[in-house]
Amino acid sequence: MEKLKVIVGLGSCGIAAGAGKVFDKISLLQDKYQVELDKTSCIGMCYREPLVEIIDGTHSYLYGGVDEELAEKLIQHHQKNHAPIKEYVVKTEEFKTEDSVFTDNQVKIALRHCGFINPEVIEEYENDHGYVALRKIANKEIDELGIIKEILDSGLRGRGGGGFPTGLKWKFAKESENEEKYIICNADEGDPGAFMDRSILEGDPHAVIEGMIIGAYTMGANEGVIYCRAEYPLAIKRLNIALAQAREKGYLGKNILGIENFNLNIYVKEGAGAFVCGEETALIASVEGERGMPRKRPPFPAASGLWKKPTNINNVETFSNIPWIIENGAKEYAKYGTEKSKGTKVFALTGKIKRGGLVEVPMGMTIHDIVFKLGGGIQDNKKFKAVQLGGPSGGCIPANLDNTIVDYDSVNATGAIMGSGGMVVMDESTCMVDMARFFLDFTQKESCGKCTFCRVGTKRMLEILTRITEGEGVEGDIEKLEELSYQIKDASLCGLGQTAPNPVLTTIKYFRHEYEAHIKDKKCPAGNCTKLLTYEVIPEKCTGCTLCAINCPTNAIDGTKKEIHFIRQDACINCGTCVVKCNFDAIKVY
Amino acid sequence: MKKNVESIFEQYPKSGRPDLIPLLQDVQESYGWLSEENVVKVSQFLDIPVSNIFGVATFYNQFRFQPVGEYHIQVCRGTACHVLGSSTVLKEIEKQIKVKAGNTTKDGVFSIEIVACIGACGLAPVISVNGEFHAKVTVESIKSIIDSYKTIEKK
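As they're listed, the protein sequences go chains R and U. Each residue of the first sequence is one higher than the last, beginning at 1140 in my numbering. Each residue of the second sequence is one higher than the last, beginning at 5 in my numbering.
If you're looking for bench data, these hints aren't it; they were derived computationally from the structure. These figures come from a predicted structure and were not determined experimentally. We put the beta carbon where it would ideally sit given N, CA and C, even for glycine. The reader is advised that the hints may include incorrect statements.
Said to hold, decoys possible - Pairs of lysine-lysine residues, derived as BS3-like cross-links and limited to a Cα-Cα distance of at most 30 Å, are as follows:
1) R:1680 to U:158
2) U:95 to R:1700
3) R:1661 to U:99
4) U:99 to R:1598
5) R:1598 to U:104
6) R:1701 to R:1584
7) U:140 to U:154
8) R:1376 to R:1448
9) R:1279 to R:1178
10) U:140 to U:7
11) U:18 to R:1160
12) R:1670 to U:140
13) R:1178 to U:140
14) R:1160 to U:154
15) R:1178 to R:1219
16) U:154 to R:1522
17) R:1448 to R:1219
18) R:1164 to R:1474
19) R:1376 to U:99
Unchecked claim - Partial selection, computed: residues in chain R whose CB lies under 7 Å from chain U:
20) 1152
21) 1227
22) 1334
23) 1411
24) 1413
25) 1430
26) 1468
27) 1469
28) 1489
29) 1695
30) 1698
31) 1699
My request is simple: use the sequences and hints to build the entire structure.
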């Protein structure tokens, strides 16, 4: 009888949901049940973590929400019956599940191995088309110019958010004459609400490394740096394992795969937590050991970058697409997407969505389809209000524009940006002014301080927004915000400042009425800004348990035991403690 | 294992400016924070002025200049966590351990730090205690999470 094979998804998300414990438990039971245990990384279905795949003979079943107890039950069941327990299956070739729509509508190129191979074993990557593209180069099937042509023809654009054609970038780096050149992978995914790069690094580090090697060959770079956030310890660990394996197998080092004079070393540099380091020149300063502050361009990094040598920087997702394109050809890649945005894009679908996770879809899918088809709609069946795309540099696209397709130009037309792919879904209970304040709070803290308009302007904007959310907004605040926004955009050197006002501008554009309600009526329509809410006891529901009165920090609640309580509005500070403490839902908030 | 500064220096034989940030990271990893004493040692080792090192270190969010508690709680304030209520989660944690974010309790057991995004958005709101993630936390579940660490501490 063939052994059962059990594969546990051990990405950061899975581990956070308890997959580590499940893995440990199965490894203890390994001998008892005679199963083969393996691990993989994130398959993208965060909402069903922890995920465990059981391969039973020729059939494979992916189970969701597996805890230690269920894991054992599943193994026992499979051994006895060689059939699945259908109610826990999320994905299988055998039959449709309610989660099928999540996986069926995706096209996986950048994420092709994530959740399918063990990222810590190079052979698993090699056995699934790994390093095939690099071998094509070694076999002289394609040369530097051929690679640039393929990448240009594929239409691949920078997936970090800039959207600059990757082939063109490589061409510039190649044309820059110098003996020493550098290739850098930007893995400093600082955009809050995005985790595409982390998943790729954790789930398929070799794809990124192979992409970098191909890039280095094309432009003649001899040193590579992966600048990765220190907040991603698992990604760093797996990258270092993968790099050591690649060196051992001769994919890195001297005369790689026998290609004469092609020498390359790649190492990981840990970022130290600065959002602005996503900016190319700031990232370079950080690698050099300085404060990560951007500098004026030109000269562009392609001419003078790290240590003043020609440098090419691409994002994680961009690199992971490269080997696939070289292996399958530009035409295959360009089959997907729209006229100006080819291929696929990975999105981190989060927020108030039923099925949150990582999705890779062809460019050109509508936001509506992503949210409702793949994402399954809004949690608790609330009303869909907006999606936030592009993080602190992006903007909100309202529900009535949800037929917008995802490609660089269509998203830009709304005032948002594609960004790196964070897509945060909001429902009716999300306050848009508070959202804008949240992002300004972030950019204001992360501004490096070099440009006055960014340093001081974002601070002033944050003050105004905070005032509005606290009910202190005055007539003219909206106009002042707009004026400051345009000044900051015009007078900032780098992308951080130039895009920082986007969340404010798009929310004013689409949700001006919410700003006005805060300023004029002193009301928060979403019921989110606590200082603008009124709390009242519902007499019919109050049992007089005194719990609210005991916990009220300002003693604003009157009432004795078993009698209906009353909140004195003049003493109430709108902290919301009474709502949390009340066991009978007897506090009305409006 | 806590390594002393000198043994960390030994890992940087050809030291220079580019080693500054990795060196500071190693020192912080070992001690939990950057003390003035250690920064001075780094300055002498790399021959970079102390003021310059503080200029770099204070620029980055990662570096801390006061000791952290035995249980260091990181509260994610990324977008997904924010939308799903991380600000109330933070308030509740501050209430439970009676100290504001960015500080350490007097007994040195707990400290709170706000982090921008730890990349586990699918499981928001998330907190991490000494690197161990707790997913989908609520105001109600916080007490039991903190209590569980308090119990370990008492043992």
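_Output the indices of the hints that this structure fails to meet, ascending._
Violated hints (numbers, rising): 1, 6, 9, 10, 11, 16, 17, 18, 19, 21, 26, 27, 29, 30, 31; every other hint is consistent with the structure.
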